[in-house]
Structures are given as C-alpha cells and as structure tokens.
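S.K.: Can you join these two chains into the complex? Each is in its own frame, and there are hints to help.
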Amino acid sequence: MLQDWDAIPIGGETGRIEFEITDALIDEYVAAIELDPRLIEAEVDADGRRVAPLDLVPKHAMRTLFIDYVFDKLGPSMRAKQAYEFVNPAKVGMRVSAVGRISDKYERRGKRYVAFETTYFDQDGTPLLHDRRAVIVLGDNFKLKG
Amino acid sequence: MDFPELTKDITLEKMQRFMGPVKNSIHADPELAKSWGVGGAVVQGGHLVAFLNEYLLAAFGRGYSRGGEISATFVQVVRPGDSVTARHAITAETPVEGGTRVELDVWLENQRGEKVTIARASALRARGTA
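Protein sequence lines, in the order shown, are assigned to chains S and P.
Take this note's numbering: the final residue in the first sequence is number 146, and no numbers are missing along the way.
Take this note's numbering: the final residue in the second sequence is number 130, and no numbers are missing along the way.
To be clear, the hints were calculated from the coordinates, so they are not data collected in a lab.
Some hints here could point you the wrong way.
To be verified - Derived SDA-like pairs (lysine to any residue); straight-line CA-CA distance at most 20 angstroms:
hint : chain 1 : residue 1 : chain 2 : residue 2
1    : S       : Lys143    : P       : Gly37
2    : S       : Lys81     : P       : Glu5
3    : S       : Lys143    : P       : Val38
4    : P       : Lys34     : S       : Ala80
5    : S       : Lys111    : P       : Thr85
6    : S       : Lys111    : P       : Val96
7    : S       : Lys81     : S       : Arg101
8    : P       : Lys34     : S       : Gly75
9    : S       : Lys81     : P       : Val75
10   : S       : Lys111    : P       : Trp36
Isolated chain P, as found in the complex (with noise of 0.2 angstroms):
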C-alpha cells in the first residue's frame, strides 16, 4: 500500500478542460463567477474528488475501485492559481474475509498547507499485499 506523490497545479485552461463544452460554469468562466457572488472562477467540487480518487486508486488498486468508497466535503475553494497536493491519515483497520478494511482521512491541502478538500474513504487492502 505504498501512496504516491499526488500535486496538482491548477490553471483555468484545465479548468475549462476538465468542464468540456461548457458555457454557463463558474468552473470555466470567471465572469459568470463573478456575477454569482464567489469571486472568480473556482475548481469543481468533481474536479478535486477526481484527485483523491487517484490518490486512492493508485494506493489501492482493485481495493478501491471495487467496493471504496468516498465522502468529500469541500471547506474552500480552490482557484487558477492554487496548487493542491493530496495526504491522508489511517484511523482504522478491520480484518475481513480477503483483507483489512482500512478506513482513512484523506484531504487535499492547497500550497498555504490550508485543507480545502477533506473527505473520509475505506478501501480493501488485499491479503499478502504491504
């Protein structure tokens, strides 16, 4: 179970990216997030979530993709701009049949070391695997 090094830069062209042909986002158009009170432009919620599950995906392979699972809140918003980077801390493990259960803290913290994204997740650790 060996997770990886995950930081991501963000800019508004990936924003727009990761958005698709889309006019009316405040994920892809700065006006519009002006105009809707939250400043400019903001990473969607989807966006970040996309991050950890990478982060877990790559920590835990078919331990996550089968049977994780994750429930994210965002506490801040996150701009062109930012960069976050994902950490995680392990509060549980529980033998079950094919492995260990393990429960964790995962966020995403912005280059301030301010968490934006917090989320809690539970993945299978595969028997005979670190």
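Next up, chain S with everything else stripped away, as it sits in the complex (with noise of 0.2 angstroms):
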C-alpha cells in the first residue's frame, strides 16, 4: 500500500539482506554487464579468491534492501542519484550483510525524492561499501499541489 509523503519515515528500515559472494554471481554479473574479463582477472587477492566487480554486492542487494518498499510504499519513481564509497572488496566466500533505511526525503524544484543508504559488511563486520542513492517518486500522491 503507497505511503503518503508525510508518512515516510526518516530512518525507517526497508530491507535487510545476507547472502554469500560466490562465483556463479560474479560469473552472471561479469556476463550481463559485458565487463572486461581481464579486470577482474587482475583482481584475485593475495589468498588466491576472486574479488568481486565494484557493484555487484549492491546490484545483488538491492532489490531486497530498497526496490522492494519502493515499488510497494511509493510507487513510480526513478532512480536520480546514486553513490558508493568502496572500502574493502568483496570476495568469493564472504557473507555479506546490509539494512537498508531511509535517510532523507525533501523536495526540489517542484519535485519529490527520497534518499536511502546502507553499509556491507562481510561476516566479521569490516566494511566492505557505503551505498547512498535517492529516487525521484513520480506518482500522483506525491505530486506537489500548486
């Protein structure tokens, strides 16, 4: 059920996820965004595990963390901004964990939007990226009036 503007909670959670870093995902991720093998060839660490591409933790996550109360709480929208802050790698055998929330909304030459972050961390809590992002609502319950 769509949520009125009002009642969007700031810091309200939207999800929450844990999954593991496994080959077959990074295999799928490489494929579907065409990304040059040898980068990630050149990305195998010391203990002799693959690292993971740049977004593949948040793509994996995202539509548990945020998509999902998105398309149920508010409806149409597009994605306007999104950050990352790249900490430490994912790698093959790590499990991750995030919860989404909700960290802003405000409005913006006529229009609405609504920010959420989250933090990754694999299993022994070290950071692994921060991921901002805000999504621009566009539907009719969050038209501006005037």
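M.R.: Structure below.
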C-alpha cells in the first residue's frame, strides 16, 4: 500500500539481506554487464580468492534492500542519484550483510525525492562499501500541490 | 593512469539481463515503463554507474576499488538503441601518503554527445605510477 509523503519515515528500515559471494554470482554479473574480464582476472587477492566486481554487492542486494520497498510504498519512481564509497573488496566465500534505511526525503525544483543508504559488511563486521541513492517519486500521490 | 576507451551499446536484452529475473521493472518492461509515464524502458541507474566504475577501475585499479568514491546524478534517460561513452576531466590532484589523491569529473555521453550521467569521483594514484 502506497504511503503518504508525510508518513515516509526517515531512518526507517526498508529491508535487510545476508548472502554469500560465489563464483556463479561473479560470472553472471560479469556477463550481464559485459565487463572486461581482464579487470576481474587482475582482481584476485593474495589468498587466491576472486574479488567481486565493484557493483556486484549493491546490484545483488538492491531489490531486497530498497526496490521492493520503493515499489510497494512509493510506487512509480526513478533513480536520480547514486553514490558509492568502496572500502574493502568483496571476495568469493564472504557472507555479506546489510540493512537498508531511508536517510532523507526532500523537495527540489517542484519534485519530491526519497534517499536511502546502507553499508555492506562482511561476516567479521568489516565494512565493504557505503551505498547512498535517491529516487524521484513520480506517482500522483506525491505530486506537489500548486 | 590510462583511461580505456569505453563505449557501451544499449539493448533491451542487455537491460533485461542486467535486471535478472525481475518482471515489475521499468528497466525491463517497456509497457510498465509507459504506464509509469516515462515513455518506455529506461536503463537502470546502477547499470550506468557500473560503466563508470569499470572505467575508473581500469584507470586506477586498487586505487579505486579500495578507497575510491563516486557520486553520480542521472540527468537524462538512456534507452535501448542508445550508446554511451565514458569521459573524464581531472579537477584536482593532492599528494597523500602513498601517492596522489585524484579528483575528477566523469560522465557518460550518448551518441549525440549529450551528457546523460554526470559524476564526481576520487581515487588514489599510487606513487610510482603514471
């Protein structure tokens, strides 16, 4: 059920996820984005484990963390902004976890935006990357009056 | 620090492959996108940032994947049939421990030369590299 603008809770949780980085996930992602495989081959760490492409973790997690919430609660929307801070690489065998939250909502140039954020951690609590994004909401229920 | 030539041709099939087994998406379903008032399927923002990340990773390697940052704004939609090319302009270079922190504007432009995604990024250029 769609929310009213005033009811969108800043700080509210939008989803949580835990998953393992696998070779299959990496292969699927590399093929989907047509990523130059040399970049992946160059990214094998000293312990011999493959390093995941930079976007794999947020790409794999975004539906559970954010998109389902957006679809159910905000309705039609499009991503307007996306920011990443890459801290440590995700590698095969890691268990990654994250909790998505609403970080802000704002109006700009007659349009309304909702911002989200999360930090992805490995199983030891080491941060992997910070993910901040904002969507512009398009539904009639979010149109500004006047 | 060599930046690659990076141009990606966009097709609906590639967009759907990127989205995976998802039905209710304006990035994979042109009819849904029309019903949302966006005129047809549009490329997912994450897909476009992934191209910029590939561009920056190729240029900086671990100087980007460990400590790099990017903040992107999607200023124009990209649709099937478009092609996008990555470009950059370095805006600042600051000596730091281990090398130089490079700040830059990066963007994707379409086949008409219009900027469709603009971003600010930073990465470490390790000492001893070009």
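S.K.: Each hint needs a verdict: does it hold in this structure or not?
M.R.: Outcome of the hint check:
1. Lys143/S to Gly37/P: holds (13 angstroms)
2. Lys81/S to Glu5/P: violated (24 angstroms)
3. Lys143/S to Val38/P: Given that 20 angstroms is the threshold and the Cα spacing comes to 15 angstroms, the pair holds.
4. Lys34/P to Ala80/S: holds (18 angstroms)
5. Lys111/S to Thr85/P: Measuring from Cα to Cα gives roughly 29 angstroms; hence the hint is violated.
6. Lys111/S to Val96/P: Violated. Lys111/S to Val96/P sits at ~40 angstroms, over the 20 angstroms cutoff.
7. Lys81/S to Arg101/S: The given pair, whose Cα atoms are some 16 angstroms apart, holds under the 20 angstroms limit.
8. Lys34/P to Gly75/S: holds (14 angstroms)
9. Lys81/S to Val75/P: holds (9 angstroms)
10. Lys111/S to Trp36/P: holds (16 angstroms)
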